[in-house]
Each structure stands twice: as C-alpha cells, then as structure tokens.
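Q: The opening position of the sequence shown corresponds to residue 1 in full-length UniProt numbering, with each subsequent residue numbered one higher.
None of these hints come from the bench; they were simulated from the model.
Do not rely on the hints blindly, as some may be mistaken.
Once the Cα atoms are required to be at most 27 Å apart in a straight line, the calculated DSS-like pairs of lysine-lysine come out as [to be verified]:
hint	residue 1	residue 2
1	K17	K29
2	K17	K36
3	K17	K27
Given the structure is predicted, the values throughout are model-derived calculations rather than measurements.
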Amino acid sequence: MENLHTSLLEIQIILDKVQSSGCNDTKWKTLMQELKDAAYDAEDLIDEFQPEVKFDAGTQVNSIISL
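All chains, full assembly: derive it from the sequences and hints.
A: Here you go:
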C-alpha cells in the first residue's frame, strides 16, 4: 500500500511539472488531466482503505499477544 502511495505522489509531481512547462497541445492537456484525476481517485481509495489495513494489523497483533 505504501509503494502505491509513493508512486502516486511521484506521478502527481511529474504531471505538475509537465503541466507547468506550458504544453499547449490539447490532446496532451486532456491526457494529463485524466491521469491527474485518476491519481487523485487512487489516492482517495488509499485513504479510505488505509485505516482498515491498520485496524486489521492491530487486530492480528492483539490476537498474537493474547496467545
């Protein structure tokens, strides 16, 4: 999960750099916006599932400790 989060941050940085470079091609602008939207959507999903992953890990630790 952490690797995906890092990759998404890197994608967002690259997209911001390309966008700020002044690319005027309409197709590229559209593609960059779609990629940026997808990256934000993926980031939202990570944020949504991350508490569940932490909870599951904590539950497993508590189960092991109670043994």
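Q: For every hint, state whether the structure bears it out.
A: The hints, checked one at a time:
no.	hint	in the structure
1	K17 to K29	12 Å, holds
2	K17 to K36	12 Å, holds
3	K17 to K27	17 Å, holds
In summary, this structure violates none of the numbered hints.
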